[in-house]
Amino acid sequence: MRQITRICWLLLGVLFIFSGLIKLNDPVGTALKLEEYFEVFAQDFGRFFLSFKPHARTLSLVLSSLEVILGVALLLRWHLRKTLWTLLVLLVFFTFLTFYSAAFNKVTDCGCFGDFIKLTPWTSFSKDLFLLLLWAVVFFNQKHLRRVFAKGTPGVIYITVAAAVSVGIGVYALGHLPYFDFLPYKVGNDIGKLMKPSAALRYKYIMERGGQTQEFTDYPTDTTWKFKQMVTLNPEAAPKITDFRVWNDEGDFTPQLLQGNKLVLVIQNTDHADRDRFTTINQLVQSVDSSRKKIDFLVVTSSSPAEFDAFRHEVNLAAPFYYADATVLKSMIRSNPGFVLLKDGVVKGKFHYHDIPSRAKVEELL
1 MRQITRICWL LLGVLFIFSG LIKLNDPVGT ALKLEEYFEV FAQDFGRFFL SFKPHARTLS
61 LVLSSLEVIL GVALLLRWHL RKTLWTLLVL LVFFTFLTFY SAAFNKVTDC GCFGDFIKLT
121 PWTSFSKDLF LLLLWAVVFF NQKHLRRVFA KGTPGVIYIT VAAAVSVGIG VYALGHLPYF
181 DFLPYKVGND IGKLMKPSAA LRYKYIMERG GQTQEFTDYP TDTTWKFKQM VTLNPEAAPK
241 ITDFRVWNDE GDFTPQLLQG NKLVLVIQNT DHADRDRFTT INQLVQSVDS SRKKIDFLVV
301 TSSSPAEFDA FRHEVNLAAP FYYADATVLK SMIRSNPGFV LLKDGVVKGK FHYHDIPSRA
361 KVEELL
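The numbers in full-length UniProt numbering rise by one with no breaks, and the one at position 196 of the sequence shown is 196.
Watch out, some of these pointers could steer you wrong.
What the hints assert, rightly or not - Derived SDA-like pairs (lysine to any residue); straight-line CA-CA distance at most 20 Å:
no.: 1; residue 1: Lys82; residue 2: Lys186
no.: 2; residue 1: Lys204; residue 2: Lys186
no.: 3; residue 1: Lys240; residue 2: Val187
no.: 4; residue 1: Lys240; residue 2: Gly251
no.: 5; residue 1: Lys196; residue 2: Phe244
no.: 6; residue 1: Lys186; residue 2: Thr221
Calculated from the structure, these hints are not laboratory results.
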């Protein structure tokens, strides 16, 4: 039992640290997932939960850092009993969220491991049950973990360092972009190619007749069979991007956007867009106009025409603008505003508004 307990102890600590670091890599994405939960809870339990939405980023940073800190504390066996009780509170909270998502089909991805590992609701719930099992083994066999690796002042120092590092990682990612981009619009990806299947999709058809169910690879011509379900046999070949579309009053602009050199300023919404950087942004806009690389500058937003018209006059932004779905723009870049540089639909660069590039840098990437 000693060996099993130590394996469970190690697994539990490492998984908590890993989960926390993955979320800290993209705290904006974690905050968006929390906002999704708050909206669902507001519908089901009361509008009180909407009051948490403005604080989603802070909660994202706190909860993700807490996972790392508790994981480190567990591995150091620092105040082991108190650490385990705190871990239990966090585990019960996460288990409730994943069960609620799975049982009522409310949030289809819990965001447990960010965008690095996508889990279905029931898989997420099973993962949390597994963590609870690890916790139980460790908690009820603490006698096999008597040796403490950090006591007194050294322990406090280690935990303080872990807290400072984890919070620092998250704060930097909030003010810039994720260290590792796991989204479909990451640098190097060809948007146009990802909008198409990588191979011909194959299906099977589940049909029903007289209480019997049967699968067919070709749709049956026998009309006595009633359609029940269609299942993709090679889902990995499906398009990775299915909702990307850019338009204006004249129609769909998506094909034109994916041709030539384009410097796209993404303004997710005008209400929360940082206005302080537009002097520098406008200077970049003016400079790329004279580039020999023939770079077209444009703006894409999800705000309404009236909202964006008022905004562009406020910040003196003179550029053609188009519209896109808000969720798509949040996936494109974790910055509002933010730049996405495209060459024939291939993402060549992404820039937070704290890291606005020079024209020379833009030309270098094309």
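Here's how the hints hold up against the structure:
1. For the suggested pair Lys82 and Lys186, the alpha carbons sit about 41 Å apart, so the restraint of at most 20 Å is broken.
2. Proposed proximity of Lys204 and Lys186 is contradicted: the alpha carbons are some 33 Å apart, above 20 Å.
3. The straight-line distance between the Cα atoms of Lys240 and Val187 is roughly 15 Å, inside the 20 Å bound, and the hint therefore holds.
4. A C-alpha spacing of about 24 Å is found between Lys240 and Gly251, which places the hinted pair above 20 Å, so the restraint is violated.
5. For the proposed pair Lys196 and Phe244, the alpha carbon gap of about 11 Å is at most 20 Å, so the pair holds.
6. With a C-alpha separation of about 44 Å, the suggested pair Lys186 and Thr221 falls outside the 20 Å cut-off, and the hint is violated.
Going through the hint list in order, the structure does not satisfy hints 1, 2, 4 and 6.
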